[in-house]
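Chains as they are written, first to last, in numbering that gives the first Met the number 0: chain A, 0 to 409; chain B, 0 to 509.
Simulated from the structure, these hints should not be mistaken for laboratory data. Where hints are given, some of them may not hold.
Unchecked claim - Example chain A residues on the side facing chain B (calculated, C-beta under 8 Å, incomplete):
| # | residue |
| --- | --- |
| 1 | Val24 |
| 2 | Ile27 |
| 3 | Ala364 |
| 4 | Thr385 |
| 5 | Ile393 |
| 6 | Gly403 |
As the list claims (entries may be wrong) - Here are the simulated lysine to aspartate or glutamate pairs, EDC-like style, with alpha carbons at most 16 Å apart:
| # | chain 1 | residue 1 | chain 2 | residue 2 |
| --- | --- | --- | --- | --- |
| 7 | A | Lys105 | A | Glu124 |
| 8 | B | Lys491 | A | Glu390 |
| 9 | B | Lys459 | A | Asp50 |
| 10 | B | Lys377 | B | Glu318 |
| 11 | B | Lys462 | A | Glu390 |
| 12 | A | Lys63 | A | Asp50 |
Note that the Cβ used here is the ideal one computed from N, Cα and C, for glycine as well.
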Amino acid sequence: MDIDEFLSFNIPECERPYAFWLVSVPWIGQGPVPSLLELYGSPKEIFEKSDEELLSLRGKAGRKLNVEPLLKCRKNADIFRMYDDLDRSGMKISFAWDDDYPVRLKHIPDPPTALFYLGKLPRDEKLSVAVIGSRQCSEYGEKLACELGEALGENDINVISGMAVGIDGISQAAALGSGGESYAVLGSGADVCYPDSNYSLYEKLKNLGGVISAYPPGTSARAQFFPPRNRIVSGLADAVVVLEARSRSGTLITVDMALEQGRDIYAAPGRLGDELSAGCNGLIGHGALVYLSPEIFIRDLFEDHADANGHAILCGSGIAGIKKNVLSPSDERHRNYSGEEMKCPLPDEQFRDVYEELTLFPRSAEEIDASITRKQKTSPGETGITLMLMELCIGGFALQVSPGQYIRRL
Amino acid sequence: MFSDTLTAMLEGVKARIIHVETDISNGMPVFNMVGSVGNEIREAKDRIRAAFKNLDISIPASRITVNLSPGDLKKDSTAYDLPIAVGLLGAMRIFPEENTQGVLFLGEIGLNGEIRPVKGVLPVVRTAASEGIKECIVPRDNAFEGSIVPGITVRGASDLNEVISYLSDRDEDILPSVYTDPLSVLEDNKGYIPDFDQVRGQERAKRAAMISASGFHSLLMTGPPGAGKSMIARRIPGILPPMNLSESMELTSIYSVAGCMPKGKALVSTRAFQAPHHSITRQALIGGGMIPKPGMISLAHRSVLFLDEVPEFSREAIESLRQPLEDKSVRITRLMHSVEFPADFLLILAMNPCPCGYYPDRGRCRCTDNEIRRYIGKISGPLLDRIDLCTELRNVDISEMRTAKSGLDTKSMSEKVIRARNAQNARYEGTSIRFNADLKPEEVEKYCRLDAECLELTEKLYKNLNLSARSYHRILRVSRTIADMEESEEIKRDHVMEAASFRPDLDYFK
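Please model the complete structure; the sequences and the hints are all you need to start from.
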């Protein structure tokens with residue numbers, strides 16, 4: 000069904016419990032709901048039809064509509080009571096025809112009929128960025144996520160993500176931490192914290208942003224629920240940034256959806272041969288925009304997606320705004336990402352050698368020793384290197400990530 | 000007719016003298032044994048009866064009563080066979096009564112009259128000597144164990160006939176006494192321990208092993224499978240200083256009680272290397288049983304206890320190590336009595352960094368954060384608190400293995416260890432402290448004094464590395480050991496830094 004039809008629905012307040020009934024089943028995608036609405040026009044009317052009539056319905060391709068779960072729900076539960084309970088639990092619901100339904104979603108193929116949410120829904124005029132990446136991320140990915148989340152938060156740009164472990168959660172927590180807003184789209188009911196290790200983030204999101212789901216409350220997470228939710232993550236955003244992904248990562252599903260929706264895709268380049276960045280590098284190879292730094296990214300974002308007031312120009316919404324560079328790089332609202340290489344503040348030459356050997360990928364004293372020996376033919380030895388590494392740790396320039404491995408701290 | 004023979008029962012690694020009283024009197028022909036005897040002793044009756052028959056000795060058809068006194072102590076061992084048999088023969092007046100006076104007997108009897116080895120000969124002989132007993136007759140296979148105890152005559156018998164003929168006319172030639180000079184045994188009893196120079200390219204871990212051996216600091220090694228964790232652990236006994244006589248006696252007593260004495264050996268003088276499999280139960284690890292037997296931690300007394308794949312051990316077994324690590328001994332209490340086994344061991348732990356083994360190399364490691372956390376979480380905080388050193392091994396590739404200079408070898412490492420031990424001995428003379436690892440917080444303040452520069456450094460460490468008070472003390476203890484190794488009276492900046500690099504309280508373990 001076309002979005003205009005959705006929008007043209009004028010469903011009276013008193014029919015909301017019936018509409019809720021239609022979405023009280025965790026459909027993968029939208030299920031038979033659009034077809035039903037198209038046929039009858041009003042949720043109440045659908046509710047009052049007999050089992051036989053509903054079961055005999057045929058969809059567009061002549062296939063039977065999967066209405067059994069609805070009938071079961073109608074038979075076994077009191078939808079009015081369920082709707083009441085929902086209201087009382089603080090869970091809000093926004094239907095596709097409601098005014099508060101995010102405009103961005105109205106323009107994606109297959110928009111969700113309803114969004115359940117705790118907290119708020121993102122405001123349409125604010126720029127939104129989806130920050131996504133793998134659950135198992137390296138220190139490098141962690142750092143990128145943290146940096147980008149913080150920068151977006153400071154610039155009052157919404158961070159949309161899936162609240163997963165790894166890149167998702169880190170970027171969202173960073174955005175909230177720097178005073179921004181963030182919205183999580185879950186693959187479970189909005190009242191189910193998945194994964195439960197992110198509980199504190201979940202609580203913060205409820206207060207400072209929103210937790211959104213297309214699935215009814217109480218739905219527990221299942222693998223097949225995640226790809227459909229990914230379309231909402233990218234659908235709510237103006238641009239999608241992939242910070243770290245393996246070559247066959249679930250993150251790439253989101254990218255596919257985002258492409259379908261016409262969103263800009265940014266990918267953070269990684270080291271060649273590094274498996275955790277293979278997906279990102281692949282995306283760049285396929286023409287994704289290169290994510291270089293939060294500063295450059297935010298500047299581009301404002302250029303491409305914001306109007307003179309810094310408000311978002313919604314893609315596909317028909318409001319053809321003039322793209323204008325509203326923020327010069329020297330704008331005070333921006334943090335200064337100078338991009339210049341950090342100088343090792345330790346004067347000693349040897350320290351500099353060791354510091355230069357450190358990367359964001361964990362290395363051991365032995366490896367550093369071997370590398371320095373190769374370059375300079377002499378070396379202070381593993382113990383000497385360890386001592387220097389500890390000095391760097393104390394000075395805040397290095398981090399001991401495991402008993403024998405160190406990374407550079409930025 | 001009545002006779003009284005001496006024997007002994009084991010209580011932990013100590014022994015207690017037991018009197019075997021035998022009485023033959025008129026009445027119904029029965030063979031009664033009293034005095035809280037267990038099953039193994041009850042069966043002695045049948046073994047003795049058969050052995051006597053096979054030696055053509057007839058047991059009188061009278062009422063025979065054997066009492067093991069004190070009667071309120073539960074006894075259970077096959078070592079009572081020989082004293083009961085001798086008591087019976089004495090009561091039958093086969094040999095003069097005075098010939099068994101002041102002689103302690105110990106041994107199991109076979110149906111053909113052969114005398115078989117038993118457990119705990121060394122502690123029994125030691126107790127006998129201290130109680131003023133002049134002579135012990137023990138199984139020949141165990142005689143060496145007893146032979147190192149001065150001030151007592153120990154004879155090894157292999158056959159009941161020998162004992163009878165010796166007791167009849169006290170002919171020294173039948174049962175010659177054995178004596179071994181313990182010091183000479185100590186000298187030429189060195190076992191083979193592989194050398195550290197076979198470990199290539201793991202210099203940090205070898206250094207950690209050396210510090211661990213010097214100050215008796217417990218060590219945790221992490222690293223991918225095949226990196227050489229067990230190789231290093233296996234070589235640690237080789238860099239511990241040689242055992243002195245009293246240490247060797249302690250360990251031999253435990254071995255003797257546990258029945259682990261190598262045949263024909265008088266003393267265990269090589270540092271043990273105990274590496275129990277991770278399926279070990281708590282009882283097997285710390286000791287247990289109805290009549291308590293020493294566990295692995297006691298067999299590793301004054302030596303190395305190596306637990307490979309720590310997260311795979313049952314939580315119960317691992318947690319039970321906490322108290323022995325503090326007390327250096329383990330007390331096992333049973334309803335009627337409690338025994339104490341010494342357990343002063345050097346704890347060496349090894350584990351993979353994550354279930355697949357490759358963390359933190361996220362390119363290869365495919366474990367989820369939760370999996371890693373669950374895996375590492377199996378090492379409890381309290382146990383981690385008792386670990387002073389932590390080091391990581393990495394995979395060494397083949398070319399490096401060929402070219403790498405062999406680095407530290409056992410000889411140079413043990414020299415440093417001995418140097419550090421000497422420094423500790425001198426410093427802690429007259430106190431109950433033996434090693435730097437034993438230092439309690441208030442003692443750390445006293446013995447690990449820092450100069451102004453180091454104080455400033457430790458303050459920085461404290462702040463920037465998020466240390467707790469406990470881990471701060473731990474770093475000081477380890478730096479004291481490093482300073483001792485380097486023959487430095489004061490703890491220097493480098494020592495503190497190196498100690499800090501081995502600290503186990505990284506975020507990684509939380």
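**Hint check, failures only** = 1, 2, 9
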